[in-house]
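Asker: Residue 1227 in the numbering used here is what sits at position 96 of the sequence shown, and the numbering runs on without skipping anything.
Keep in mind the hints are simulated off the structure, nothing from the lab.
In this text, a Cβ means the ideal position worked out from N, Cα and C, and glycines have one as well.
Honestly, I wouldn't trust all of these hints.
Claimed, not checked - Simulated restraints on C-beta separations:
| hint | residue 1 | residue 2 | range |
| --- | --- | --- | --- |
| 1 | Gly1265 | Arg1172 | 17 to 23 angstroms |
| 2 | Asn1190 | Gly1243 | 32 to 38 angstroms |
| 3 | Trp1194 | Val1219 | 26 to 32 angstroms |
| 4 | Gln1274 | Pro1242 | 22 to 28 angstroms |
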Amino acid sequence: MAGLHKLVCNNCSLEFRGFDPLRKLPRIPAKRTKFAANERRFPRHKVHLAATISLVERNVLTWDVAYTHRSQGHCEIISQIGMALSFVGSRFPAQDLTRPGCSLFVTVNLPGGAIAAVLSIVHWERRGTGGRGGWFVGTTISQMSEQDAARLAAYIKKRSETNLYVGPA
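With these hints in hand, go ahead and build the complete structure from the sequences.
Answerer: Written as structure tokens, this is what we have:
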């Protein structure tokens, strides 16, 4: 077919066939604006805050909620919509933490006061060897009171004025 030529993408150098009968499409690199350090909708902040973690158990028939024994841990990364927690999970069975939709009740001690939230695990990682290591879990906030949400927002606003944590994509 006349006018069908090999064209090259300006951004990624991918070669493809396209229609350019007069060969007027030049190959020039795309101009990109400089991006900010953390372009997430809700930036992450690296912290080291004490946390108390309990596993949430729901009765399927009555929807009653019960909390297991508490375990001490740390909030490593915090944002407006989630947290990353590290803890030694000797009190929690591995099959419960790795099950989809697992919920945790967490109390994090912020400098201005403690906040409590129900979190859903979206990522988990077992650290250590022989099943004796700790857990690192990435969570999203499922439920939090308005007062605690306001306290968290104020803490994050204060943190964002000082520094940001640029996490992996």
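Asker: Are there hints from earlier that the structure breaks, and if so, what are their numbers?
Answerer: Hint 1 contradicted; others consistent.
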